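There are 2 protein chains.
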Amino acid sequence: MSGEPKILRDVLLASGRRVKLYRRIVEADGKTFEKDLVVFGSSVVIVPVLGDGRIVFVRQWRASIAGWVLELPAGRVEPREDLLEAASRELVEETGFRAGSLSVLGSFYVAPGYSDEVISVVRADGLVEGQPRPEEGEVLRTVFMRPEEYLGLLGKETLDLKSIAGVLLYMSTG
Amino acid sequence: MSGEPKILRDVLLASGRRVKLYRRIVEADGKTFEKDLVVFGSSVVIVPVLGDGRIVFVRQWRASIAGWVLELPAGRVEPREDLLEAASRELVEETGFRAGSLSVLGSFYVAPGYSDEVISVVRADGLVEGQPRPEEGEVLRTVFMRPEEYLGLLGKETLDLKSIAGVLLYMSTG
Chain A
-1 MSGEPKILRD VLLASGRRVK LYRRIVEADG KTFEKDLVVF GSSVVIVPVL GDGRIVFVRQ
59 WRASIAGWVL ELPAGRVEPR EDLLEAASRE LVEETGFRAG SLSVLGSFYV APGYSDEVIS
119 VVRADGLVEG QPRPEEGEVL RTVFMRPEEY LGLLGKETLD LKSIAGVLLY MSTG
Chain B
-1 MSGEPKILRD VLLASGRRVK LYRRIVEADG KTFEKDLVVF GSSVVIVPVL GDGRIVFVRQ
59 WRASIAGWVL ELPAGRVEPR EDLLEAASRE LVEETGFRAG SLSVLGSFYV APGYSDEVIS
119 VVRADGLVEG QPRPEEGEVL RTVFMRPEEY LGLLGKETLD LKSIAGVLLY MSTG
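Chains as they are written, first to last, in this note's numbering: chain A, -1 to 172; chain B, -1 to 172.
Just chain A, same shape as in the assembly:
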């Protein structure tokens, strides 16, 4: 292994609704390699903490797996949108709750083997209840649960990586 690989070029294979698929040509050790690259951008996952210690989750129907997933509220940071603005907007859209304060617990690449998506975990406190207004085609229900209850569902209910990471990160930072 000698030195850092170099990106030679990207070839667009297809554009979806929100993602684009590229073939990325890379040079490493004098050889060229082809890598998949899914371009999605930035996203946020919110850990909304109620006064009594419960967390606001959503049980969401996901087309990608044709089934329900118990998740934290989350969504994409739109172009020219601020991270905390996006967190605030997604929280209201999916759960109806408005946040009194927001703080970033960490940012992580979601699937660096083939995707550029970077997700920020945002803690939300001082919640005030309101009416959810999901986007068209979003099918979800709000669920209130203590973090320990959520962890107890491991192996029993369909869960996702951003939410387990978000809940554990929240628990580890107090």
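Among the hints, erroneous ones may be present.
Where chains are identical, the list cannot tell them apart; a pair therefore holds if satisfied intra-copy or between any two copies.
In silico lysine-lysine, DSSO-like type, Cα no more than 27 Å apart, as pairs [as the list claims (entries may be wrong)]:
id : residue 1 : residue 2
1  : Lys154    : Lys4
2  : Lys29     : Lys154
3  : Lys29     : Lys4
4  : Lys18     : Lys154
5  : Lys29     : Lys18
6  : Lys18     : Lys4
Bear in mind the hints are in silico, worked out from the structure with no lab data behind them. All values derive from a computational prediction rather than experimental measurement.
Based on these hints, arrange chain B on the given structure of chain A.
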């Protein structure tokens, strides 16, 4: 919101090296919607625990972000491959370590908004050191670190979601 959405059909937009991008047509509430679907399949992320409590990480150069990411060893479960077989194989390939025992801590969808990828977190104990043999085009270096040291790098080094989830899940299960 009435009843469960229905998948009408999938249209293949493009095939990459390891992922395929589809347009998935879904019916919900009598309307049709288009969703992105990246098909990747199953993967494993390994938490390799040394006798002295340190974890074996890899610092890997990732084409998708043209930079280095500090990750747990991980990889795809190949067709017809068993989950623990894949964990054992990826651990040897990326770090050289052979595992005496492996146990699944949990399985999670990685990005259910657009991907079918499901990742299993596998704890590896009883490690015996050997020679790494990365696949062609994989650029990585083994790093040994206590879980608390890894968490201390939050905000300082580029990290990823499967590894923060894996480390925190390992810490929470003792």
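Hints, verified against the model:
1. In this assembly of identical chains, the alpha carbons of lysine 154 and lysine 4 lie at most 27 Å apart only when taken from different copies (24 Å versus 44 Å within one copy).
2. For the identical chains of this complex, lysine 29 and lysine 154 are neighbours neither inside a copy (46 Å) nor across copies (32 Å), given an alpha-carbon limit of 27 Å.
3. When the C-alpha separation of lysine 29 and lysine 4 is checked against a cutoff of 27 Å, the pair qualifies only within one copy, where the shortest distance is 10 Å, while the shortest distance between copies is 46 Å.
4. Within a single copy, lysine 18 and lysine 154 get their C-alpha atoms no closer than 33 Å, and across copies no closer than 29 Å, so neither meets the 27 Å cut-off.
5. In this homomeric assembly, lysine 29 and lysine 18 come within 27 Å of each other (Cα to Cα) both inside a single copy, at 26 Å, and across copies, at 25 Å.
6. For the identical chains of this complex, lysine 18 and lysine 4 are neighbours both inside a copy (21 Å) and across copies (24 Å), given an alpha-carbon limit of 27 Å.
When held up to the earlier numbered hints, the structure conflicts with 2, 4 and fits the remainder.
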